[in-house]
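Enquirer: Residues per chain are reported as follows:
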Amino acid sequence: MRQPVDLAAVRGRYPQHFARFGRQHLVAVLAGVAAFVVLVFGMVQLDFFSGKLLSGGERLLDILGLMLPPDPGSWPHVRTFAVALLETIAIAFLGTLAAAVLALPVSLLAARNVIAARVVRFLSRRSFDTIRSVDILVWALIWVNVVGLGPFAGALAIMTADIGSFGKLFSEAIEAADRKPVEGIVSTGGSHLFAIRFGILPEVFPMLASQVLYYFESNVRSASIIGIVGAGGIGLHLAEAIRTLELQQTSFIIVMILIAVALIDFVSGQLRFAVIGRRATT
Amino acid sequence: MAVASRTAEVSLTRFIDNIDRFPSYIIRLFQLESGQPVWTDVAEWFWGLPRWLRLLGETLLMAYVGTLLGAVGGFGLAFLAAANVGPNRWLRFFVRRFCELCRTVPLLVFALVFVIAFGLGPLGGVLAVAIHTVGALGKLFAEAVENIDMKPVEGVASTGAPWHVAMRYGALPQVTSNFVSYSLLRFEINVRESAVMGFVGAGGIGQDLIEAIRKFYYSDVSAILVLILVTVAIIDTITSRIRHYLIGLEEGR
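Keeping their order, the protein sequence lines are chains A and B. Position one of the first sequence corresponds to residue 1 (this note's numbering), numbered consecutively onward. Position one of the second sequence corresponds to residue 1 (this note's numbering), numbered consecutively onward.
Everything labelled a hint here was simulated from the structure, so no lab data went into it. One or more of the hints may lead you astray.
As the list claims (entries may be wrong) - Selected chain B positions facing chain A (Cβ under 10 angstroms, derived; list incomplete): (1) Ser24; (2) Ile27; (3) Gly57; (4) Met62; (5) Leu101; (6) Pro106; (7) Leu112; (8) Phe114; (9) Leu123; (10) Gly124; (11) Val126; (12) Val200; (13) Gly203; (14) Ile210; (15) Phe216; (16) Ala233.
None of the values given here were measured: they were computed from a predicted structure. All residues carry an ideal CB built from backbone N, CA and C; glycine is no exception.
Please construct the entire structure, taking both the sequences and the accompanying hints into account.
Expert: The following block contains the structure:
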């Protein structure tokens, strides 16, 4: 048997659950409406309703159909793409390594427990922020202007962009390091430099290494697109295949990139685990 | 490393020969055509301000619309992809692979293909941002859903409610704040990404930026870069404010 519910009594006991239009509720509704209005305005501005969406959608389906199955065209193409892919990985590798080597000393400047001077810390942090906010493609374009077209400009672009990220991450890792080893070394009369070398570095090294590996993974992805602006790697071939409508080659290159990225993620994931794991046992 | 250096055509001699051009290029960026430093004549430096602001607005709109559409898509897919509430194993498998594909293919590649399909202009860029966001947020949202407490869901389901009702009243209240804060983070990223969409003709400020770099309009490059940096900084501040406000709401409850 179902009991009749005395709604009025329940309403009296929990007024806040029945008050439909509290102030917060009103704010939430207004925010939602505002968000929706901006969305519609944006969609109108960005040509969503000009019929382009439908015709373009049809063409997109055609393009996707033409992409299948992935087909490089001929064996020489496969060789070219494979070399370009290796070049991409080399760009990412060199760029990440150079950035890590260069960022380490600079990140010491930004760490609170190493440099006491606030001005130095502030300046180095702001410059890391600025470097990081400029997109890697922009760095690539700038380096192309400086050292010319080719993969070298790409490696330099990745290096520059990563110095910003590594500087921030490294200095945070260094700040989180335990004080005690440093105090121990200083108490034996060791210099400031010794304290950094033997007190801080051994402690933060595994963390830095795993961050560097993580960025290597993400840089392989970035390196595969900087070719679009002429900085080497497989991006050049990819952009060209898309622009000349060699759609089966396009999908072949994309599949190659996906496989390479998956492989590298797997290997570096294992390495990262090994680095962190070793730290736990010692 | 030696192999990598060979493959990447690293030539130290070329590097040393040209390295002095990097600082001089950067310095040149901050000089007007007359050779004066840019801050001596700000009006001349930012001569294209109205046009650039309009393009910057377009960039922000692209990021906004792309993020919102992507978040809606990711929202729908997340419940299908989560291991604990997903209705069907095969569906879950396909949704997960789809999300992976969407976020692993670089954004610019989507943009290049969409520009061919939809023509030059921001439409292709927005859709590229949206697709990429579906992939990225779909995964994050699904992980958030996998971490919920299952008891409310079971409670609702035990009353005989269908799946979508169980999701609405059992799962959704636990993940809303996570979803919003992930979407805001994604919005920050998408603003940066939208700024370079123009490099491949997909709308936004990138178009003017690449033109200025390619044609060596030095002071324009620095002016546009400064505008982008300022915009990104403002957006980051606002979104982090909103995030902290939402976290505060959560804890106050």
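Enquirer: Is the interface hint for Ser24 (chain B) satisfied, with its Cβ closer than 10 angstroms to some Cβ of chain A?
Expert: Hint on Ser24 (chain B): holds, closest Cβ of chain A at ~9 angstroms, below 10 angstroms.
Enquirer: Would the stated hint for Gly124 (chain B) survive a check requiring a Cβ distance to chain A of less than 10 angstroms?
Expert: Status holds, d = 8 angstroms.
Enquirer: Hint check: is the beta carbon of Leu112 (chain B) less than 10 angstroms from a beta carbon of chain A?
Expert: Result: holds, 5 angstroms to nearest chain A Cβ.
Enquirer: Using the nearest Cβ pair, does Phe114 (chain B) come within less than 10 angstroms of chain A?
Expert: With Cβ-Cβ at 7 angstroms, under 10 angstroms, it holds.
Enquirer: So, Ile210 (chain B) near chain A? Judge it on the closest CB pair being under 10 angstroms.
Expert: Interface hint status for Ile210 (chain B): holds (7 angstroms vs cutoff 10 angstroms).
Enquirer: Quick one, is the Gly57 (chain B) hint okay against chain A at 10 angstroms, beta carbons?
Expert: 9 angstroms, holds
Enquirer: Would the stated hint for Leu101 (chain B) survive a check requiring a Cβ distance to chain A of less than 10 angstroms?
Expert: Since the shortest Cβ distance to chain A is 8 angstroms, the answer is holds.
Enquirer: Report holds or violated for the interface hint on Ile27 (chain B), using the least CB-CB distance to chain A and a cut-off of 10 angstroms.
Expert: Violated, about 12 angstroms.
Enquirer: Tell me if Pro106 (chain B) is really an interface residue toward chain A, meaning its C-beta lies closer than 10 angstroms to one of theirs.
Expert: Nearest chain A Cβ about 5 angstroms off; hint holds.
Enquirer: Close enough to count: is the Cβ of Phe216 (chain B) nearer than 10 angstroms to one in chain A?
Expert: 8 angstroms, holds
Enquirer: Against chain A, run the beta carbon of Val126 (chain B) and see if the smallest gap drops under 10 angstroms.
Expert: 5 angstroms, holds
Enquirer: Holds or violated: is the Cβ of Gly203 (chain B) closer than 10 angstroms to a Cβ in chain A?
Expert: 7 angstroms, holds
Of the numbered hints stated above, the single one contradicted by the structure is hint 2.
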